[in-house]
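Based on the sequences and whatever the hints tell you, model everything.
So the sequence shown is numbered by the numbering used here: it starts at 1 and just counts up by one.
This list has only true hints and no planted wrong ones.
With a straight-line Cα cutoff of 20 Å, these simulated EDC-like cross-link-like pairs (lysine to aspartate or glutamate) come out:
1) K159 - E199
2) K249 - E199
3) K38 - D27
4) K590 - D656
5) K42 - E31
6) K694 - E527
7) K38 - E23
8) K320 - E440
9) K694 - E732
10) K590 - D681
11) K159 - E300
12) K159 - E205
13) K42 - D59
14) K249 - D197
15) K694 - D678
Just so you know, these hints were derived from the structure itself, not from any lab.
The structure presented is a predicted model; accordingly, all values stated were derived computationally and were not measured.
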Amino acid sequence: MVQRYCVRCHNGRLLRGNLTLEEFDVDAAHERAPTAEKMIRKLRAGMMPPPGQRRPSPDTLLALVETLETVVDRDAARDRNPGSRRFQRLNRAEYERVIRDLLDLEIDAARWLPADTYLGAFDNMADAQGLSTTLLEAYLRAATEVSRIAVGNPAALSKTAKYTNPIDVSQHAWDHIEGTPYGTRGGMVVTHDFPVDGEYVISLETLFGQGTGFQDVDISIDGEGVALLGLEHGGRSTVPIRTEPIFVKAGQRQVAAAFVRTIEGPYEDRLKTPGWSFVGGEDSQAWANYGITALPHLSELMVTGPRRSGGLSETASRRKVFHCHPGRSGAEGVVAATSDEARACAASIVSRLARAAYRRPVTEDDVAGPMAFYDDAAAEEGFEVGVRTALQAILASPSFIFRLEQAPPEAAPGESYRIADVDLASRLSFFLWAASPDDELLTLAAEERLSDPAVLEAQVRRMLADPRAEALSTRFASQWLRLQDAEDNQPEPYLYPDFTGQLREDLVRETQLFFDHLVREDRSLLELFTADYTFLNERLAGHYGIPGVSGPGFRRVTYPDDSRRGVLGHGSVLLLTSMSARTSPVLRGKWVMEVLMGTPPPPPPPNLPAFDDTESARGGRLLTTRERLEMHAANPTCRACHRFMDPIGLALDNYDVTGQVRVRENGVALDTRGTFYDGSDVSTPAELVDLLMKRPVPLVRNFTAHLLAYAIGRRAEYFDQPGIRAIAREAEANDYRMSSFILGVVNSDAFRLARPAPAVEEVEGS
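Shown next, in the form of C-alpha cells:
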C-alpha cells in the first residue's frame, strides 16, 4: 500500500516533506522508527494522502497505521529506552514556589533571575537551561536577598521602593482592582517587604486631566485602612501625595491604594483612548493634556522607610526559619544562651532547612558547609546574622539550585536503571506542584516506600487534591496552550476601546480555571474540546454577552447556546491567535494543528510574499480576511499548507480579536465556509469541534506527549511514542479521565527510569 499511495510523492525525485518511502518496509518499520512515527502521526490525523490525491478506504488506512504501531511498539518493548537528559535547574516559577514552601515568602524571582528559555513549549526543558557566570551570579544575588527578607534586617537603612502601575490597567469609574477595598476604583496593589518594625511613608504619583474635582485615595495594608488622602486639583499635571509616617511591623505586607468611588458613570476617560490608563508610558503627559474630563489615574506607589525602627516582630518567614531559639526561661526571665547552645540551635535549623532545600536526607557534610558560614558570621554579628548567612549558603548551594539525581554505582553507560526514591519524590513534586517535595514525600522516599505502586498512586492522588496542584493549570496548561502569548497581542484601542489589562487577565484566568477543574474533578480530557460550560466573572461574562453573572469572582457558567464549546471558544486562545487589528485564520489554523493535534505545518519557504503584503482594498472597499486569504493562497506553493490551515481558522473567524462573537467584517457578512482536509464541510466552531472529535486519537496522544515532556524536562522523542500510545490506550479505557494520563506518565519508563549518557570514546592524539 505504501508503494501504491505514498511513493508517488515521497520519492527520491520529489522528496515531498523531505521524505522518501521508496525503500520503506512496513514489516520492518522499527528499523526506521523516526520515519514510521511521522507516518503514524499523519495517518492518525487523516492528513495523508493529502486532499486531491487518490486515497484508500478508511479501513485500509486504519489497518496500515495499526500495523505500523504494532511493529514499532513490539520492538520498543524489547529495549525500554527512557532517554537521557542533563540535570535541570530551578527556573523562575519553580524558584518562587520552592521559596514559598521553604520560607513562607512570596517573591518575584524576576527581580534577580534572568528570563527562562522556552523549548518545545515549556520553560523547564533541561537542554535549554544553559549555565553562565552571569546566571550563577544571579542565583547568588537571589540567595542574599531572599535570606535577608526571610530573617529580617534590624540594621536596615531607609530607602524608597517604587512600584509602577501597568499601562493597560483601566481606572474607569466602574473598574475595581482585585485586592483593593470594595467601593473603590482603579489604583494598584503591591506586595512589599518591610525589613523591620518601624515607621514608613507611602507616596503616590497621580496623573490628571483637566476638569478633575476632589478625590479621596484609600490606603490599606493587609486589608486594613491606614490612611485616607485627599486630592484637590483641577488642572493638568502629575501630583505627588504622601501619608504621614505609619508604623508597620516587619514582614511581607500587601499595600493597596485606590480611589474612593464617588461617581458611577457613565464618565468619559480621555487620559488615553477610552478604557485605558497610560500612566506608565512616555506619552502619558501628552494624553493628560489631551483629556478634558479625565478621572485621576494612579501611576506610581512608593514606600519609604524604615524611620525609627523598633526591632523585628515574628513574621511568617521567621517562624519558618527559627523553630528554636538559644536561651532558656528561668526564674529571673530569659537566661542568655552559651555559644554552644546557640550553635546547637543553629545546627538544628540548618539541618532542617537543608533537608527541605536539597530535597533529600542530609549528610554531616551538607550541614558542615553552611555551619562554617554561621560560625564566621555569628562570631562577628550574633546568632541571627549567623543563621541568615547559613541560609544564604544553603540557597546558593548546587544541591538547591540544581535538581541533581544520583545514579547507582553499578549503572553502566547506555543501560537503564530505576531512579532512587528520593529522585522520584522530586520528579513527582516538580511535575504536579512545580515545587519541592513536602515532608510526607521525603519521609516515604527516605524509607524507600514511595516506589511501591499502591503508595505511589495514593501520593499522586493526595497531591492532585492539594492546592499546589494548580501548577498543572498555571504552568503546564498555560504553556502547552501558549497562553503567555496573549500578553504579546495588544488589540488596537481605536477598534477595541473596551479591552483592558484586567480583561486580558480574566481571559487567561478563564482557561486556567477550566483546566484546573478538569484535573480536580477528574473529568474527561475530551471536555477540553467539547465542554458546554466555562468559568466567568461579571466582567468576562459581559464581554462574551452572557447574562446573569454578577461580581468579580469566577464561577462555572453553562453557555446559553453552542456558539462556544471548549477551549476553542476561550478568548485567551482567540486573542493569542490574532493580530492587533484583525483576526488571523492562518494563526488560528496553525495553532489548532500544532498545539492541539501535534501536526504543525512546515514553515513557509523563503522569499514568498507575506500575507500582509496582499492588497487590503479593491474598488474603494476594504477586503475581508477571507478574500485576502484566497488571493494569498492562489500561489501553488502557499496553497500546499493553506489548504490544511485555512478551513480550520476560518471556522473560528466568527470570533473577533478579543473573542467576542461577530457576524460581519468590514461591513460585509462573514463567509466562514471551508472544506476540512478530509473533505468534510466546516463553517462554525461547533462543526470544527465535531470534526476533531471524529478523530480524537491525535488530540489525546499529543496531549500525552506534552504532559510527558513537561514531567520529565525534555522533549518527547520518537522512541517515547510507544509509551505515549500505551498511556493513551489506558486512559481511553478509563473514559480519558485526567488522573489516568497523570498516573500513566508517573508510571512510565521515561519518568521512572534513567539512562546514563553513553561514554564518549577518546581518540588518541585528538
